[in-house]
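Trainee: Let the sequences and hints guide you as you build the complete structure.
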Amino acid sequence: MKLKLTTRDTERLRTTLSLISHVRKRIVLRFTPTKLSIISVEENNVTEEPQIWCKLNMASLFDSIEIQSVKTDTISLELSIDSFLQALKNYEKANSHDLHIRLQKRDIPEGETSKQKNSRLVSLVFVYSSSNESSNSVSNIFRIPAKVLKHGHSSDTLDEPVIEGIDLIMRLPNEFAALYKRLEKFKKSSQNEMVKIKASAENGGFLGFVLEEEDKYKVTISWNRNLQVQASHYDAIQSTSEYSETNGRQDPGQDQAETNSAAAKTCRVLVRLRDWNMASKIVANCENITLLLANHHACVLHCYLDDSEEIEIMYYINALKS
Amino acid sequence: MANGRGASGSPMANEGDEKPLEFSFSALTKDVTHLAHIFSSLTAINTQAVLMLTQEGMSVYTEHQGICNAKATIEPSLFSEFNFLLGSSSFPGQEHSEVQLSVDLGLISDSFMSVASNLPSKQKNKKGDKSGHTASDEEVLCYIYYEGEGHPLIVEFEDSLMSEKIEFPTFYIDNVHENDDDDADKTHELTINYNEILFEIILRSDVFANVIRDLQQINTIDLYMLISNEVDSRKNGTADNRFNSVFGLSRNNLNFISKGSFGNSKLICPNERAILEKLTIYERGEDSSTIQQVNTSIISRFAFSNFARIRKAVSLSSKCKIMKDISGIFSVQLLCDDSKIPEYSGTLIMLNMLENADLDYMNTSMSPDDDASLKYILYDDTLIYKNKNTPVPGPIDINSEKAGTGVSTERTKVAHESEAHSHSEHEEKKRRRIDDKSSKKKGQNIIEVPLFI
Numbered sequence: 001m002k003l004k005l006t007t008r009d010t011e012r013l014r015t016t017l018s019l020i021s022h023v024r025k026r027i028v029l030r031f032t033p034t035k036l037s038i039i040s041v042e043e044n045n046v047t048e049e050p051q052i053w054c055k056l057n058m059a060s061l062f063d064s065i066e067i068q069s070v071k072t073d074t075i076s077l078e079l080s081i082d083s084f085l086q087a088l089k090n091y092e093k094a095n096s097h098d099l100h101i102r103l104q105k106r107d108i109p110e111g112e113t114s115k116q117k118n119s120r121l122v123s124l125v126f127v128y129s130s131s132n133e134s135s136n137s138v139s140n141i142f143r144i145p146a147k148v149l150k151h152g153h154s155s156d157t158l159d160e161p162v163i164e165g166i167d168l169i170m171r172l173p174n175e176f177a178a179l180y181k182r183l184e185k186f187k188k189s190s191q192n193e194m195v196k197i198k199a200s201a202e203n204g205g206f207l208g209f210v211l212e213e214e215d216k217y218k219v220t221i222s223w224n225r226n227l228q229v230q231a232s233h234y235d236a237i238q239s240t241s242e243y244s245e246t247n248g249r250q251d252p253g254q255d256q257a258e259t260n261s262a263a264a265k266t267c268r269v270l271v272r273l274r275d276w277n278m279a280s281k282i283v284a285n286c287e288n289i290t291l292l293l294a295n296h297h298a299c300v301l302h303c304y305l306d307d308s309e310e311i312e313i314m315y316y317i318n319a320l321k322s
Numbered sequence: 001m002a003n004g005r006g007a008s009g010s011p012m013a014n015e016g017d018e019k020p021l022e023f024s025f026s027a028l029t030k031d032v033t034h035l036a037h038i039f040s041s042l043t044a045i046n047t048q049a050v051l052m053l054t055q056e057g058m059s060v061y062t063e064h065q066g067i068c069n070a071k072a073t074i075e076p077s078l079f080s081e082f083n084f085l086l087g088s089s090s091f092p093g094q095e096h097s098e099v100q101l102s103v104d105l106g107l108i109s110d111s112f113m114s115v116a117s118n119l120p121s122k123q124k125n126k127k128g129d130k131s132g133h134t135a136s137d138e139e140v141l142c143y144i145y146y147e148g149e150g151h152p153l154i155v156e157f158e159d160s161l162m163s164e165k166i167e168f169p170t171f172y173i174d175n176v177h178e179n180d181d182d183d184a185d186k187t188h189e190l191t192i193n194y195n196e197i198l199f200e201i202i203l204r205s206d207v208f209a210n211v212i213r214d215l216q217q218i219n220t221i222d223l224y225m226l227i228s229n230e231v232d233s234r235k236n237g238t239a240d241n242r243f244n245s246v247f248g249l250s251r252n253n254l255n256f257i258s259k260g261s262f263g264n265s266k267l268i269c270p271n272e273r274a275i276l277e278k279l280t281i282y283e284r285g286e287d288s289s290t291i292q293q294v295n296t297s298i299i300s301r302f303a304f305s306n307f308a309r310i311r312k313a314v315s316l317s318s319k320c321k322i323m324k325d326i327s328g329i330f331s332v333q334l335l336c337d338d339s340k341i342p343e344y345s346g347t348l349i350m351l352n353m354l355e356n357a358d359l360d361y362m363n364t365s366m367s368p369d370d371d372a373s374l375k376y377i378l379y380d381d382t383l384i385y386k387n388k389n390t391p392v393p394g395p396i397d398i399n400s401e402k403a404g405t406g407v408s409t410e411r412t413k414v415a416h417e418s419e420a421h422s423h424s425e426h427e428e429k430k431r432r433r434i435d436d437k438s439s440k441k442k443g444q445n446i447i448e449v450p451l452f453i
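One line per chain: the protein sequences are Z and R, in this order. The opening residue of the first sequence carries number 1 in our numbering; numbering runs sequentially from there. The opening residue of the second sequence carries number 1 in our numbering; numbering runs sequentially from there.
Watch out, some of these pointers could steer you wrong.
[Stated by the list, open to error] Okay, the calculated bits of chain R under chain Z, using three or more residues with CB under 8 Å as the criterion: (1) 101 to 111; (2) 166 to 172.
[Unchecked claim] PhoX-like, lysine-lysine: derived pairs with alpha carbons at most 25 Å apart: (3) LYS150(Z) with LYS89(Z); (4) LYS165(R) with LYS218(Z); (5) LYS165(R) with LYS265(Z); (6) LYS340(R) with LYS312(R); (7) LYS181(Z) with LYS321(R); (8) LYS181(Z) with LYS165(R); (9) LYS312(R) with LYS181(Z); (10) LYS30(R) with LYS218(Z); (11) LYS340(R) with LYS181(Z); (12) LYS198(Z) with LYS165(R); (13) LYS216(Z) with LYS340(R).
[To be verified] So these bits of chain Z aren't anywhere near chain R, every CB distance computed over 12 Å: (14) THR32; (15) SER69; (16) THR74; (17) ILE81; (18) ARG143; (19) LYS185; (20) THR220; (21) ASN224.
Don't read these hints as lab results, they were simulated from the structure. Positions of the beta carbon are idealized from the N, C-alpha and C atoms, including for glycine.
Mentor: Okay, here's the thing in structure tokens:
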């Protein structure tokens, strides 16, 4: 197993991580020669808890890439997102040139027999040089403990969720972040609060949120501006094919027709407010944000880190049973 | 949207009707921030509040265990639309056209705050292009509706981006606050009696807010407030007190004495006119129907926790009047005019609280052992005024690290034993008047540092 990477610009990788670092402490990095997936799932409850999938283009992140693994060219690592983020920040502060990242076996103290289990414990090593005040070159090495996920391990066989039967797809503007702030106001009052999301394609798109706590308040927030209701031709989402099939429509150009047929449907999705709000950082900072809704089923936020559309972020929430 | 503007018709037109006329109230304002501040400042007293709606405006009343209360009066001029419609039959027994409803002010305040702190104009425009245009026309409209008993209080915020409608349940309450009956009934209320005012002070709000903050920082438990306008013995006062004040012979003095876990401290308010604008003490004339000004001293004692509750409101205000009546009701009246609505003269907040104990405690029954040092610090004012030859001590910026938070750019100082030690012990010794014996015995330190604002 071999992983050797070199880069000079870690900014986009760092920004991506910083958008999701508050969600969970540990993430899974899945390296392939072409793609890096940053996955955040709840290990014990993958389907019910929200999932985040960030897909980054290896070639645009790293200048040199060496990945070798038995059978497949995929290496999956589980590590602490904060340590990873901190190592990147340190490198950026050091004003260095190249950052070398490589996988190293963790030293096993002598006397202890290397168990099968231990061989999965590795370090992701960050190496870069910086110069100090007297312009001497200082070599910096950071080791982040990581765990290699073997084939067959639950987190490694993780697949991107496939949402069946997407009913509505709407484009969210960047200003939408303001709505998240309004939803955060009663944070202290309850822990497991739920929010009802209601959406339809009528009148240029409707998107509303209902928060209710008996004897306390009932909040209804709805978006006032037009929301572009999209339809098929949504390559990024795996469910696109299903979507297209179920609707029997292939032509992305027929926007008007899409809107009309979608108008027949009103989507309702009930989710935990906490889960919904965790994406506020993503919505506030990303571009081309799209909300996909499957009635009573799930909602997905899909967006790109920037206009280059090289870094894709997806946030999946499965609906609660109402 | 159920818009109250549509609710036409006057109460007169419905008077003949047998059907009970529904009550309806609706208001529209563009100043969410001002309301957010007012509501939030009152939640420090209690999150449960009573909203009082009348033709003349909206009031919010809240109280804490009957010893501290606050009422904010918001006039209709804050609202660009204000409709109050009350039929005679809908609220039987309510002769006065006032409708009261009990609400959770904490939640209402949170809602207003969440809007006020995320106003569209404040949001940074990511692209940075032509943001100036949107900033000007992006304003949040706030509608408030109430349809009477059994209905929720509805607040709606609307801007070009989104609409938010919040329904707050309302609770039934017995009428909390005055308004009919005569004065006899008012004696039970915690409301100052303007006919029996003992003293009246006009103090700059930011100074008062800083004083409360400083008192809070030194863990004040009991607070003594000494006010005095006695004639300066160094000058020859006339026999007639009125002339003394006219000629400036009397000296206005406002001191706050803190007693708490750190010992006793004294905060002396500067008596410059710009800060302590007015200090008048009254007494009843012989026929007890007239009141006249006198030159004397008065000490009041409070549980500081009540003062801490009013701090938010004080720091919000621009003008502040402090009064006490004969029965020991202490009142702070604040004018908050930070509204962006030019026609609006400001919200008046009246805070009342009960004095803690009778004054005899201070004068007679104070055991020399127990509170000698306190008594000393209370009555001794030789510190600044008699040492005319020694220069006024330089400021100790104990709060310098918090300088950014203060409204006032001027210096605030507070006596604080441990910090004072570390700052400039030597200098401090000159200024401090420590009753060594008693402090050793009692483990108390008394530090006096004049409060320069």
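Trainee: Next, verify each hint and record whether it holds.
Mentor: Okay, the hints, checked on the actual structure:
no.: 1; hint: 101 to 111; verdict: holds (count 4)
no.: 2; hint: 166 to 172; verdict: holds (count 4)
no.: 3; hint: LYS150(Z) with LYS89(Z); verdict: violated, 29 Å
no.: 4; hint: LYS165(R) with LYS218(Z); verdict: holds, 8 Å
no.: 5; hint: LYS165(R) with LYS265(Z); verdict: holds, 24 Å
no.: 6; hint: LYS340(R) with LYS312(R); verdict: holds, 19 Å
no.: 7; hint: LYS181(Z) with LYS321(R); verdict: violated, 38 Å
no.: 8; hint: LYS181(Z) with LYS165(R); verdict: holds, 15 Å
no.: 9; hint: LYS312(R) with LYS181(Z); verdict: holds, 24 Å
no.: 10; hint: LYS30(R) with LYS218(Z); verdict: holds, 22 Å
no.: 11; hint: LYS340(R) with LYS181(Z); verdict: holds, 23 Å
no.: 12; hint: LYS198(Z) with LYS165(R); verdict: holds, 15 Å
no.: 13; hint: LYS216(Z) with LYS340(R); verdict: violated, 30 Å
no.: 14; hint: THR32; verdict: holds, 32 Å
no.: 15; hint: SER69; verdict: holds, 40 Å
no.: 16; hint: THR74; verdict: holds, 36 Å
no.: 17; hint: ILE81; verdict: holds, 25 Å
no.: 18; hint: ARG143; verdict: holds, 37 Å
no.: 19; hint: LYS185; verdict: violated, 4 Å
no.: 20; hint: THR220; verdict: violated, 5 Å
no.: 21; hint: ASN224; verdict: violated, 5 Å
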